[in-house]
Amino acid sequence: MSLSRAALVSVALVFGCGIAMATSGRLGVLDHYAALARQENPQFQEFSAAQGRAFFLASPGAGEAGIASCTSCHTNDPHNQGRTRAGKLLDPMAVSRTPTRFTDLEKVEKWFSRNCQTVYGRPCTAVEKGNFISYMASQ
Amino acid sequence: MMGGLRNSGMRISIALIVISVSIMVLALQRSNQVYAGQSSPEPASAVQLVNSECGACHMVYPPQFLPARSWRAIMAGLNKHFGEIASLDAATARRIEDFLMSNAADTVNGEAEFLRGLGPTDTPLRITDTPLWRAIHPKLLRSGVGTGPGIRSAANCMSCHKGTEEDD
Chain A
3 MSLSRAALVS VALVFGCGIA MATSGRLGVL DHYAALARQE NPQFQEFSAA
53 QGRAFFLASP GAGEAGIASC TSCHTNDPHN QGRTRAGKLL DPMAVSRTPT
103 RFTDLEKVEK WFSRNCQTVY GRPCTAVEKG NFISYMASQ
Chain B
182 MMGGLRNSGM RISIALIVIS VSIMVLALQR SNQVYAGQSS PEPASAVQLV
232 NSECGACHMV YPPQFLPARS WRAIMAGLNK HFGEIASLDA ATARRIEDFL
282 MSNAADTVNG EAEFLRGLGP TDTPLRITDT PLWRAIHPKL LRSGVGTGPG
332 IRSAANCMSC HKGTEEDD
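Residue numbers (the working numbering), protein chains in the order written: chain A, 3 to 141; chain B, 182 to 349.
If you're looking for bench data, these hints aren't it; they were derived computationally from the structure.
Treat the hints with care, as some may be off.
What the hints assert, rightly or not - No more than 27 angstroms apart at the CA atoms, straight line, and that leaves these computed lysine-lysine pairs for DSSO-like:
1. K90/A / K343/B
2. K109/A / K261/B
3. K261/B / K90/A
4. K343/B / K320/B
5. K90/A / K109/A
6. K320/B / K90/A
7. K112/A / K90/A
8. K112/A / K261/B
For reference, chain B alone in the conformation it holds in the complex:
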């Protein structure tokens, strides 16, 4: 009887130790993942990368609105991106650039009307510099736009286009 009790006590103790050690090993693995910035075991898709990297600072502009040569130029100048440093590691930059260029205005996925009025080598770096955008938004071409507390910037599409992206 006593031997049985001691055996079951031992079994419980051993089980507790095994469980505790397992939890600690799992917890350590998890904390290492968080520390290395890899909390998600799935590699991010190109769209997720565009949303997280480009979308950290501005609305995620549709790649369909600029020709591929514009996206190439923009991605080549991330170290001075409209006055700010937006450099990315080479692997992330390449995946984002591939996505933008393969969905650009001059691809089968693009919006060909955004090429209207653009010469074959014109390389606008802003959607607001395309002839189509300027024809559609004459009021936003007035000086002073972008300095007030209202729409803040002509680049702030979601200020007027509710639903384009959450207006934040």
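This is chain A alone, in the form it adopts within the complex:
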């Protein structure tokens, strides 16, 4: 490869990386859950936004009064702002409305670990988490 071609390739790589980085946080989080999902089930193939939507809308009956579902605070439409029981506004869950959603694994894990227990009475599986994020990323 000539030196000038190497230079062109390098510049192209930088542009490519720039585009990739815009989503690398969320893709990294999804990759993390996909790896765990394959550990849970070697047949796992891909996350389902449709199942994520159903999971978001469900009222599994394990939650406290007033927090029976994700939608109790986040509303039925993830494009809407939500509100906690104590009155604080929550940024929309839909990634189109809040692009920073699901880009920080530590924060994502903190909230899944709390809210899965609160609403579902148990930890969520990696597949459930990945489905949920896939749904919100599609909104």
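Dock chain B against the given chain A, drawing on the hints supplied.
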């Protein structure tokens, strides 16, 4: 002449490669920081932690309004915090607890009047359970408060106290 051109072309190419690689290395470092949740290189102060962790769900209540023993009890029960799970990692919880207890009503930083009517071992878990708050807010003690679309909850101070914290 030709040799000079080729040399300058080579120099430009090498410079482009060096610049490109530098940008990629910097970008990768940055993306790793974001991924690890450490986009800010400065460690958060205790006040920032209180604002971000407590304030994620509710108004940041002034630590001056409850005695230190109340804050200790509240922080010991975050796994069941008024019906919700608000657990924190141990290091964050300790820093928040230190801040709350060192600014509590019964410290030099506190509001001593919030101790009025409290026995030495009374440990209210809600500011709305302190005798002072209840004496000041008799209308909010009526049943039904907290269920309507208006102030929603007696814990929603900013509904009436504009400027206490942004009414959101």
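Going down the list of hints, with the structure as the test:
1. K90/A / K343/B: Holds. K90/A to K343/B sits at ~14 angstroms (cutoff 27 angstroms).
2. K109/A / K261/B: holds (19 angstroms)
3. K261/B / K90/A: holds (19 angstroms)
4. K343/B / K320/B: holds (18 angstroms)
5. K90/A / K109/A: Given that 27 angstroms is the threshold and the Cα spacing comes to 18 angstroms, the pair holds.
6. K320/B / K90/A: holds (23 angstroms)
7. K112/A / K90/A: Roughly 18 angstroms separates the two Cα atoms, so the pair holds.
8. K112/A / K261/B: Judged against 27 angstroms, a Cα distance of about 15 angstroms means the pair holds.
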